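**Student:** Heads up: the protein sequence lines correspond to chains R and S, in order.
Residues 0 to 844 in numbering that gives the first Met the number 0 are what the first sequence lists, from first letter to last.
Residues 0 to 268 in numbering that gives the first Met the number 0 are what the second sequence lists, from first letter to last.
For the record, the hints were derived by calculation from the structure and aren't laboratory data.
Note that the structure is a prediction, hence the values are computed from the model and not measured.
All C-beta atoms in this analysis are idealised placements derived from N, C-alpha and C, irrespective of residue type, glycine included.
Hints are supplied without guarantee of correctness; some may be wrong.
Said to hold, decoys possible - Facing chain S, a subset of chain R residues (Cβ under 10 Å, in silico):
no., residue
1, Arg78
2, Arg171
3, Leu468
4, Ala470
5, Leu479
6, Ser480
7, Val841
To be verified - Which chain S residues stay away from chain R? Per the calculated CB distances, all over 12 Å, these:
no., residue
8, Ala98
9, Glu123
10, Gly139
11, Thr155
12, Leu187
13, Val212
In case you want the letters, here they are:
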Amino acid sequence: MPGLASLAWRTVRARPVRAALTAIGIALGVAVLFAGLLTNAGIERSIDRTVDALVGRADVRVSAFRDQGLSPTAVASVRAIPGVVVAAPVIERRTFLAPAVPGSREPGLPAAVTVVGIDPTIDPQIRDLALRAGSALAGSGARFALISDSLARDDGLGVGDELELDGSADARAGDLRFVVGGILAGDGPSTDPDGRTVVIPIERAVAAFGPIGVSHLDLRLGDGLTADAASVEIGRQLTNEPYVIATPGSLAASLRASTTEFQATTALVASVALFAGAFLIFNTLAMTVSERIREVGLLRAAGATRRQVVAVVLAAAAFLGLAGSLAGLGVGTLLATAMATRIADLGGLRPADVPSSPDAAVLAVVAGLAVTLAAAAEPALRASAISPVDALRPQVASRASTASRLRWLVAVFVVVGVAGLLLRPTSGGGDVLLRGAGGYLALLVLALAVPWLLVPLGILVGVPFRFVLRAEERLARGALSRDRGRAALTVGALAVGLATLVALGGLAGDARGSASDWITSVVPGDMLATSVTPRPLDDGTVADLAAAPGVARVTPIAGFDVAFDGIRADAAAVVGADLRADGRLTFLAGDRTAALTALDAGGAVLVPRSLAERLGLRVGDPMHFPVGGEQAVDLRVSGIVARSLPGTAGEAILVGWKDATTGFGVTGADAFAVRFRSTATDADRSAFDDRVRSIGLQPATLASVEAAVGDALGRVFGLFDGLAALAVIIGGLGIANTLSMDVLERVRELGVLRAAGMTRRQVWRMVVVEAGLLGLVGAILGIGGGLAAGTVMRAIGSTGGGSAVIPWPSIGLAVVLGLGVSVLAAAYPAWLAGRQSIVRAVRAD
Amino acid sequence: MITLSPEPAAPGRPTLPESPAPILEARDLTKRYELGRTTVDALRGVSLSLRRGELLAIMGPSGSGKSTLLQLLGGLDRPTSGEVILEGEAISRLSDEDATRLRRDRTGFVFQFFNLIPLLDVAENVGLPFTIAGRDPRKGELRDRVRDAIALVDLTGKERHRPDQLSAGEQQRVAIARALVTRPAILLADEPTGNLDYATGTEILEALWRSCVERGQTVVLVTHDAKAAAYADRVCVVRDGRILDEIPLGRRLDHAAGPLIARLAQLGL
């Protein structure tokens with residue numbers, strides 16, 4: 000067997016360019032997989048780090064439902080529960096940070112931060128606040144602050160610098176000024192979207208923000224008390240104040256849920272890249288078997304068994320697979336770094352670094368090898384079936400039948416699918432995974448259809464070439480049918496890559512359109528003025544804004560959490576009359592006027608369709624919202640709307656302000672929707688912006704909100720597009736490989752053409768036109784397949800609302816990439832064809 | 000030089016047309032190949048000339064330089080020194096572009112193997128030189144020329160056949176039709192019967208001979224087969240890169256190889 004291994008190695012070495020192209024294809028496929036695995040590991044680590052920063056060694060976190068927090072009595076009663084070893088209070092507030100040096104920041108745009116007040120004497124028993132510089136908070140009374148690394152970097156703050164918070168109106172100036180005592184190594188114990196956290200002693204937080212309650216109470220439990228038992232006991236104790244209980248596990252699960260879509264899409268794209276790589280491997284080995292058919296015949300004639308022949312082909316594949324997979328680890332690490340940076344740029348989870356993961360490396364190499372060997376199985380078996388008699392005949396060809404190629408395709412599809420599952424979301428996401436699988440299946444159908452569509456489409460796309468490059472087009476088009484199976488696999492690899500781009504483009508367009516429709520259909524205004532702290536309705540803000548020239552209406556909105564049927568849900572307080580007057584909300588059930596009037600009167604709730612479908616709610620159904628202990632708010636569904644205001648994890652239930660303040664304890668609005676009169680001038684709008692800023696609110700037009708949403712979606716989908724482009728490049732490598740093989744196989748034919756008067760340039764153009772035809776056919780199939788895959792994924796993902804968007808930019812990109820990559824891939828084979836010597840080509844031996 | 004007397008002319012017997020100037024001349028051709036550190040002299044000062052309508056056979060043992068000579072005569076390759084004159088024009092120093100044009104318009108080639116483009120049918124293969132030149136062989140005069148060339152090689156009715164639907168002899172006849180369709184000044188055939196059985200080889204030789212007789216086509220035929228060479232008007236014997244002998248056979252109907260074989264035997268071939 001060592002002798003046969005050496006033969007396999009020499010088989011690989013005999014065609015160095017082909018071997019290199021194939022190994023690069025495998026490397027890119029494995030790189031996408033490895034990058035996905037590393038990114039997943041980074042996200043997991045980031046989740047663990049975030050949960051650790053939030054709750055540390057706490058077993059249970061009790062969070063206040065209302066803005067005013069848990070009262071000292073509630074805190075004391077929880078502390079008194081037998082088995083609670085440590086109860087560390089945390090106050091969390093969003094506020095502004097005044098510039099340390101006046102004029103150092105853009106005027107009128109105060110920077111928001113999350114202030115976390117902790118008890119320096121108790122908190123170390125719950126969490127370790129790792130410091131990059133300076134020292135920990137020493138005592139409760141000190142006016143020292145710890146700031147997060149991001150805040151220090153963004154604002155150029157260092158140990159010893161002063162910072163000033165925007166606190167309550169009653170606070171003394173001295174209570175708002177702090178000296179930076181230390182800089183945290185990470186983002187600190189908050190989920191601030193920008194990682195801008197300020198940690199101060201809890202007593203100083205009370206002094207700065209007034210007599211407010213505790214936002215969270217982090218508990219460590221003794222051996223005799225479980226989290227479930229503690230929850231029951233807390234329910235008994237906290238009968239007057241609403242709260243939410245979380246454990247480190249539930250917090251991590253909630254964070255993981257936000258990455259489900261990302262992980263599933265990464266899995267899909269990695270599968271596509273591996274799938275394209277498998278095409279390349281199959282084609283390469285099939286070509287090698289065809290080329291070495293006499294050698295195989297000689298081996299068989301010399302006594303080699305079928306098994307030995309299979310072993311030679313598989314060993315050659317293993318050489319390529321191993322080399323490609325190992326190279327893929329390097330490329331994958333670079334790719335993962337780029338992905339981590341992009342994810343960090345998007346906010347939310349911040350995988351700061353790419354972890355080194357031997358497990359991921361082993362998994363990626365094993366997956367790469369498995370896909371390689373699966374792809375090599377058919378050529379290996381075909382080689383073993385070669386009869387020595389047939390192989391040594393003058394005219395011999397060994398080509399796989401279409402049926403055996405299709406069987407191979409399905410087998411590889413399954414193996415690649417299993418490899419893709421390595422990247423599946425770690426928790427939940429059944430729908431998301433199903434959607435990815437649906438899209439992947441659509442791509443398989445596309446790949447299976449390629450052999451039948453190749454020739455008719457080749458004729459179709461050849462029409463434009465026929466007018467200018469008649470001879471080249473005729474010969475190039477004919478080449479498509481020379482070995483239809485090989486051409487089909489080559490086009491198939493390119494088509495699945497392009498289809499992924501188009502499908503992602505369609506989904507991105509849907510998401511953008513749906514987000515845009517969502518915003519304009521539910522927000523009763525042209526702009527939003529947001530506040531980092533709730534503004535009481537009676538503090539004059541609404542009246543002040545409404546009095547501005549050009550303003551028709553100002554609608555206060557507040558977002559808050561509710562508990563229903565044992566789950567947390569988003570809710571928003573709105574003014575029904577304003578929504579009615581502005582014509583917002585699309586009612587699917589219930590009378591519009593009656594429902595919105597009932598909302599303001601109290602006792603009514605509007606439910607978005609997504610929630611109504613999930614919970615089986617209908618108009619008239621009662622909804623029971625516990626708000627702590629034995630208290631509850633009972634409302635009745637007065638209408639079901641197509642879309643509602645966005646919450647933190649879905650669409651919000653809409654309640655009137657009366658119920659929000661009296662029942663749910665909402666203290667004020669955190670946003671104001673402003674509708675301008677049609678006569679409002681640009682000057683009015685500009686003056687209004689200044690007015691909004693002058694009272695500490697942040698103005699944003701709906702167009703800018705839509706643009707921000709579109710930008711965020713664009714960044715995420717841009718990342719996936721980048722990964723899918725790698726699959727297209729793999730397809731391009733396949734084209735380079737196939738065309739090179741075609742040229743080598745057709746040396747004599749090229750010699751005859753040259754002898755018959757074809758110029759080198761014509762030969763070169765013929766190969767380029769052949770590549771162009773392959774690329775255009777691939778693009779057409781990719782576009783069709785991508786639209787089909789997008790439709791399948793859209794149908795499986797019950798997102799509801801929004802119509803399907805035809806992703807014209809992605810379609811354009813697919814055409815340009817299909818043609819561009821193919822023509823680029825043809826450069827070497829065309830050069831090879833052009834330089835063939837006629838004398839050598841037509842030599843008889 | 001050893002010569003054979005050509006057959007005397009008889010009534011009704013085809014004769015070689017008289018031509019004042021040679022259509023093709025080779026003057027002191029040499030061809031040297033560098034193979035690593037070894038230098039191989041494939042041709043060492045070969046001179047010959049052809050009259051219009053003549054069928055010249057070049058014979059010689061393997062490695063004698065006969066195929067190299069054919070390639071230089073047809074402009075497929077350049078000589079190391081010496082000149083090839085086709086219809087009064089030196090073709091041995093043409094640029095790649097001009098040499099290509101020459102091959103397309105003024106010479107035709109037939110090789111031993113792989114003469115046809117498998118994905119084109121008979122008519123398309125025959126019309127290939129026109130297609131390459133950017134002209135449509137399915138229209139007008141070109142269509143007639145394609146049809147005539149196919150008729151000349153007795154393949155009428157098989158225009159739409161693909162090469163793999165033809166016998167080896169038919170494939171080679173298609174190659175001859177393609178080489179003749181542009182009405183080249185000279186047709187060069189390199190072992191066109193080398194891969195064929197006797198009967199099929201005879202079909203090919205008949206087709207070549209007919210092109211000379213019926214159309215006045217000038218043909219250079221490289222072969223190692225005396226029976227094939229017996230179709231020629233004249234035979235050049237090449238050995239070690241030099242012309243060893245020129246044997247005039249004259250235009251004969253019976254193509255008897257006996258006298259030629261005897262002469263070759265005298266030469267030790």
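**Student:** Evaluate each hint against the coordinates.
**Tutor:** Verification of the hints:
1. Arg78: violated (87 Å)
2. Arg171: violated (91 Å)
3. Leu468: holds (9 Å)
4. Ala470: Holds - the Cβ of R/Ala470 comes within 10 Å of chain S, reaching about 4 Å at its closest.
5. Leu479: holds (9 Å)
6. Ser480: holds (6 Å)
7. Val841: holds (5 Å)
8. Ala98: Contrary to the label, S/Ala98 does not stay out of reach of chain R, its closest Cβ about 10 Å off (not over 12 Å).
9. Glu123: Contrary to the label, S/Glu123 does not stay out of reach of chain R, its closest Cβ about 8 Å off (not over 12 Å).
10. Gly139: holds (15 Å)
11. Thr155: About 22 Å separates S/Thr155 from the closest Cβ of chain R, which puts it past 12 Å; holds.
12. Leu187: For S/Leu187, whose nearest Cβ neighbour in chain R is about 9 Å away, the distance does not exceed 12 Å, so it is violated.
13. Val212: Since the minimum Cβ distance to chain R is about 24 Å, S/Val212 lies beyond 12 Å and the statement holds.
Checked against the numbered hints above, the structure breaks hints 1, 2, 8, 9 and 12 and satisfies the rest.
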